[in-house]
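Model the full structure from these sequences, guided by the hints.
Each chain, letter by letter, is given below.
There are 2 protein chains.
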Amino acid sequence: MIKAVLFDTFGTIVDWRTSIANESEALANAQGVLNFDGDRFARVWRAGYQPGMAKVSSGERPWVSIDIIHRERLDDILPEFGLSMLDESTRDHLNSAWHRLSPWPDSIPGLKRLKSNYLISPLSNGSIVLLSTMAKNAGIPWDFIFSSDMHKAYKRNPAVYQNAIRLLDMVPSEIMMVAAHNDDLEAARNEGMRTAYINRPTEYGVDQKVDFAATSDWDIITETVEGVADALDCSKKL
Amino acid sequence: MIKAVLFDTFGTIVDWRTSIANESEALANAQGVLNFDGDRFARVWRAGYQPGMAKVSSGERPWVSIDIIHRERLDDILPEFGLSMLDESTRDHLNSAWHRLSPWPDSIPGLKRLKSNYLISPLSNGSIVLLSTMAKNAGIPWDFIFSSDMHKAYKRNPAVYQNAIRLLDMVPSEIMMVAAHNDDLEAARNEGMRTAYINRPTEYGVDQKVDFAATSDWDIITETVEGVADALDCSKKL
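Sequence lines, in order, name chains Y and S.
Going by this note's numbering, the first residue of the first sequence is number 3, and it counts up by one from there.
Going by this note's numbering, the first residue of the second sequence is number 3, and it counts up by one from there.
Some hints here could point you the wrong way.
Because identical chains cannot be distinguished in the list, a pair is counted as satisfied if it fits within a single copy or across any two copies.
Unchecked claim - Listed next, the in silico DSS-like pairs over lysine-lysine satisfying Cα-Cα at most 30 angstroms (straight line):
1) LYS211 to LYS5
2) LYS138 to LYS117
3) LYS211 to LYS117
4) LYS117 to LYS57
5) LYS5 to LYS114
6) LYS211 to LYS154
7) LYS114 to LYS57
8) LYS138 to LYS154
9) LYS138 to LYS5
10) LYS57 to LYS211
11) LYS5 to LYS154
These aren't lab readings, by the way, just hints derived from the structure by calculation.
These numbers come from a predicted model, not from an experiment.
What follows is the structure, given as structure tokens:
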């Protein structure tokens with residue numbers, strides 16, 4: 003029997019690429035930058051995410067929050083996009099665009115249904131302020147929040163999943179991990195959790211290289227959060 | 003400028019005494035126990051709370067969650083109340099009455115107003131499942147949850163407040179602690195947090211010995227969560 007359903011957030015619940023593209027494009031336009039490619043800006047910014055976390059996971063660098071990793075990458079890429087004139091407070095504000103990402107259309111309807119039967123939470127690499135501000139902004143109805151800074155570790159470090167299981171004080175098979183990334187589910191299954199794959203083949207746009215389909219026999223394989231609610235037999239009434 | 007408002011929960015947000023009295027009385031009646039005093043049962047059960055946590059805080063015993071402390075005390079007191087016949091699953095269910103406590107009448111209206119301007123969370127000795135189930139059950143609109151098992155420490159251990167400040171990545175004075183207990187606010191102020199006292203002189207009923215009034219010049223002194231929202235100038239519109 004499942005009691006809690008945990009969600010990857012970036013890519014699974016929210017469409018970071020479109021959100022960052024729109025916000026950066028509006029800023030570039032306001033700054034009079036010509037030919038700014040917001041979609042490319044979002045993808046190039048995001049390309050610093052895995053390498054930034056890898057330095058923490060390998061022990062090359064002590065714990066830093068995802069907000070710092072985002073900000074360092076932002077500072078690196080601004081010149082390439084004609085935005086090196088941005089002052090500190092404008093950079094801070096642009097960095098917090100990751101706190102204002104928009105959900106995929108199916109996310110909130112699906113989460114509301116799941117919430118009526120289960121405890122629901124992100125199990126995300128975001129910080130607590132990032133995830134709670136995002137939820138408040140977009141109306142995401144989490145019951146509580148597991149953030150990377152609580153674990154001082156990033157997925158797919160097994161410590162993240164183990165810590166969530168310990169905090170919930172549940173048998174691992176009572177917890178379901180939902181993600182659009184096969185390797186996230188692999189790591190969750192290794193700890194005994196149940197798994198649900200949501201296909202998000204457009205997450206990375208032209209940069210997408212993996213996760214066009216489920217690569218294993220996950221407990222649920224679907225296209226939307228509503229599909230997870232359907233499979234777990236949650237009422238359609240909100 | 004305040005960015006986050008954290009709340010003690012037992013006694014400050016929820017009226018544990020009436021909730022436990024009602025639930026235990028219904029159970030005793032169903033079991034045919036005569037002359038059962040639910041109010042006294044609640045107070046006697048609660049009297050094991052501070053001593054149970056003290057053993058963890060002193061290091062006499064390794065970390066155990068509040069659910070275990072509640073359960074051990076329950077097993078101790080059942081004979082005195084004529085309930086030693088209760089089986090394991092009935093004891094488990096009664097123990098989880100702490101997950102179903104009812105808010106004071108002003109709590110949810112006040113929290114909804116505060117939520118529109120600030121991140122709001124419990125900073126409680128409850129476990130994550132206790133606090134999130136309670137919130138779901140009662141409609142408490144937390145943005146996220148800080149539970150004692152995240153800190154592996156109980157208030158008033160300074161580590162609890164320090165860990166919350168670190169996780170929020172805020173200056174301590176950007177965070178306000180709200181409690182009906184002067185010593186909780188003292189501990190929060192020691193870490194640099196802002197403080198709000200809500201007077202709940204009936205919390206412990208006939209057992210109440212302290213906290214009939216503010217004992218220091220807390221930033222806010224009021225009677226209700228709505229009073230905190232008033233003082234922080236939150237709109238009355240929900």
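Hint check:
Taking the shortest alpha-carbon separations for LYS211 and LYS5, neither the intra-copy value of 33 angstroms nor the inter-copy value of 40 angstroms comes in at or below 30 angstroms. With identical chains, the CA atoms of LYS138 and LYS117 are at most 30 angstroms apart both within one copy (16 angstroms) and between copies (9 angstroms). When the C-alpha separation of LYS211 and LYS117 is checked against a cutoff of 30 angstroms, the pair qualifies neither within a copy, at 32 angstroms, nor between copies, at 40 angstroms. Proximity of LYS117 and LYS57 under a CA criterion of 30 angstroms is satisfied in neither setting, with 35 angstroms inside one chain copy and 36 angstroms between copies.
In this assembly of identical chains, LYS5 and LYS114 lie within 30 angstroms of each other by CA distance both inside one copy and across copies; the values are 15 angstroms within and 27 angstroms between. For a Cα distance limit of 30 angstroms, the shortest separation of LYS211 from LYS154 inside one copy, 28 angstroms, qualifies, whereas the shortest one across copies, 41 angstroms, does not. In this assembly of identical chains, the alpha carbons of LYS114 and LYS57 never lie at most 30 angstroms apart, being 36 angstroms within a copy and 40 angstroms across copies at closest. Taking the closest pair of Cα atoms, LYS138 and LYS154 come within 30 angstroms of each other both inside a single copy (23 angstroms) and across two copies (27 angstroms).
In this assembly of identical chains, LYS138 and LYS5 lie within 30 angstroms of each other by CA distance both inside one copy and across copies; the values are 24 angstroms within and 13 angstroms between. For a Cα distance limit of 30 angstroms, the shortest separation of LYS57 from LYS211 inside one copy, 22 angstroms, qualifies, whereas the shortest one across copies, 53 angstroms, does not. When the C-alpha separation of LYS5 and LYS154 is checked against a cutoff of 30 angstroms, the pair qualifies both within a copy, at 25 angstroms, and between copies, at 23 angstroms.
Hint check: violations occur at hints 1, 3, 4, 7; the rest are consistent with the structure.
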